[in-house]
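Read top to bottom, the protein sequences are chains A and B.
Residue numbers for the first sequence follow the working numbering, so the first one is 1 and each next one is one higher.
Residue numbers for the second sequence follow the working numbering, so the first one is 1 and each next one is one higher.
Quick caveat, the hints were computed from the structure, so don't treat them as lab data.
Some hints could be false.
[What the hints assert, rightly or not] Short, incomplete list of chain B residues facing chain A, as computed with Cβ under 10 Å:
| hint | residue |
| --- | --- |
| 1 | Thr-37 |
| 2 | Arg-39 |
| 3 | Thr-44 |
| 4 | Lys-45 |
| 5 | Val-149 |
| 6 | Glu-153 |
| 7 | Gly-159 |
| 8 | Val-161 |
| 9 | Ile-165 |
| 10 | His-167 |
| 11 | His-168 |
| 12 | Gly-247 |
| 13 | Gly-260 |
[Stated by the list, open to error] Output of the computed footprint for chain B on chain A, the stretches with three or more beta carbons under 8 Å from beta carbons of chain B:
| hint | region |
| --- | --- |
| 14 | 44-53 |
| 15 | 149-157 |
| 16 | 161-168 |
[As the list claims (entries may be wrong)] If you only want the chain B side, here are some residues facing chain A, beta carbon under 8 Å, derived:
| hint | residue |
| --- | --- |
| 17 | Pro-146 |
| 18 | Glu-158 |
| 19 | Ala-160 |
We treat Cβ as the ideally placed atom computed from N, Cα and C, and that holds for glycine.
Listed below are the residues making up each chain.
Number of protein chains: 2
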Amino acid sequence: MNEAPIGVFDSGVGGLTVLRALVAQLPNERFVYLGDTARLPYGTKTAQTVTRYALQAAEALNGYGIKCLVVACNTASAVGLPAIRERFNTLPVIGVVEPGAEAACDASVSGHIAVIGTEGTIRGGAYQEAIRRRRKDARVSAMPTPLFVALAEEGLVEGAVAEAIAHHYLDALFTREVAATGRPDTLVLGCTHFPMLAGAVRASVGSDVRIVDSAITTARKVGELLVSCGAGEVDGGAEVRFLATEGAERFARVGSRFLGRAIAAHEVGLIDL
Amino acid sequence: MNEAPIGVFDSGVGGLTVLRALVAQLPNERFVYLGDTARLPYGTKTAQTVTRYALQAAEALNGYGIKCLVVACNTASAVGLPAIRERFNTLPVIGVVEPGAEAACDASVSGHIAVIGTEGTIRGGAYQEAIRRRRKDARVSAMPTPLFVALAEEGLVEGAVAEAIAHHYLDALFTREVAATGRPDTLVLGCTHFPMLAGAVRASVGSDVRIVDSAITTARKVGELLVSCGAGEVDGGAEVRFLATEGAERFARVGSRFLGRAIAAHEVGLIDL
Chain A
1 MNEAPIGVFD
11 SGVGGLTVLR
21 ALVAQLPNER
31 FVYLGDTARL
41 PYGTKTAQTV
51 TRYALQAAEA
61 LNGYGIKCLV
71 VACNTASAVG
81 LPAIRERFNT
91 LPVIGVVEPG
101 AEAACDASVS
111 GHIAVIGTEG
121 TIRGGAYQEA
131 IRRRRKDARV
141 SAMPTPLFVA
151 LAEEGLVEGA
161 VAEAIAHHYL
171 DALFTREVAA
181 TGRPDTLVLG
191 CTHFPMLAGA
201 VRASVGSDVR
211 IVDSAITTAR
221 KVGELLVSCG
231 AGEVDGGAEV
241 RFLATEGAER
251 FARVGSRFLG
261 RAIAAHEVGL
271 IDL
Chain B
1 MNEAPIGVFD
11 SGVGGLTVLR
21 ALVAQLPNER
31 FVYLGDTARL
41 PYGTKTAQTV
51 TRYALQAAEA
61 LNGYGIKCLV
71 VACNTASAVG
81 LPAIRERFNT
91 LPVIGVVEPG
101 AEAACDASVS
111 GHIAVIGTEG
121 TIRGGAYQEA
131 IRRRRKDARV
141 SAMPTPLFVA
151 LAEEGLVEGA
161 VAEAIAHHYL
171 DALFTREVAA
181 TGRPDTLVLG
191 CTHFPMLAGA
201 VRASVGSDVR
211 IVDSAITTAR
221 KVGELLVSCG
231 AGEVDGGAEV
241 RFLATEGAER
251 FARVGSRFLG
261 RAIAAHEVGL
271 IDL
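Bound-form chain A, shown alone (with noise of 0.2 Å):
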């Protein structure tokens, strides 16, 4: 069991940022990860349609022999864990809404909390239920930022480009609305792709603010769970897989961006869902 590997699943590259996480943090362990690169963005599609689809994700990932799953995309992390858990009931699975919601709660001192990710994750309302489970006085400005998944695939994450769009969601969040509901004091990163904007997100709301990255914290809580199921630390160094549904080139370059560390083609296998 030790030496099974831990799936990660995303709608595309976006969940690399929480796979390099879960690298840094479990330098010994045997990954696979499955990005659905045939049906991104999931940000934008029904909570139903998510559901399906990573649901077929997980089947796939199981047949692997994983040891826990990883549900490294927002959006199927807000709605579809309920159906996944249920269908592979025997299989740890962590998303990364409890951990980013968890940490957000930890940071704040205020208990005012922005949120900003796809419009799927934030129609669901995942994050701001999640939050205010934990901390009953949390008040949870929520928007959706979709431009900010374009950017982040283009690469296009600093510059003025970047700063205008930052402002424009931003500005709404952390300016123009303080008047008639405060200022938060965090920020949740509620999409994988978001890590990549840090700096001109960090530029647009300045140094006050604590910016959540979920990525960090859903990586230690895998972690966690590895010890307490006595599942971890393979002696081995780091071994990853890749699957895509589409695209072996375009998951490659784009994803290397986002793993920070090159990755081939020929490294990417496809697989169909």
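Since the structure of chain A is already known, use the hints to place chain B on it.
Just chain B now, with coordinates in the frame of chain A:
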């Protein structure tokens, strides 16, 4: 045959700009519009995948007894037309690339033509080829502008963000690269989403560049085709049936902006491909 509908196919709601031009050009026809919203965007997918999806969409529309098929998606037009024509060899099929290329060749005085589109459209080179086939002297500067799609989908078609993005892409074609390659006198909007951004594009390139929107020229081609087949001019007022593969509510909400008239969610039928 005259009363049979015209099938219009796109990866999502972008093709509604083409449908809008078709309805204006052919106000007495019936239309069935299919947006493959479950699997958009096509622009980042491989030619093989886009061709497979386009064939499935053509099959579905053919089931509605259509008298001709308009492939309103630039990416699918660029890579999928030969396969569709081979499979449905008695059905007239019109894409948006050839009419756009023809209009650009007619509009350009200098023969230097810029084309913008999705990654898939530009990388596939169909516009570049179609222009050079018509004008041996043509010089084509092509550039993928993927953020334009996200901007149009979100309705952020004017203001600081749209202008920053338009300048980001178009300055490279019309200002920065001018010293090396000369300034194009014509710009083809090689994606059905882009007419939504015509204002920002115009502000960026200046008043002397001719902007070609293939929706209008495609609609004219379809009208000519129906006349030449004797299959046009049903008398009854335009009638449109909307089909999507996912998300009727979002199709209606975002699509209303593209079509220029309100679409209600209950008007959108969901089908599987």
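field: Those earlier numbered hints the structure runs against, lowest number first
entry: Violated hints: 13, 18; rest satisfied.
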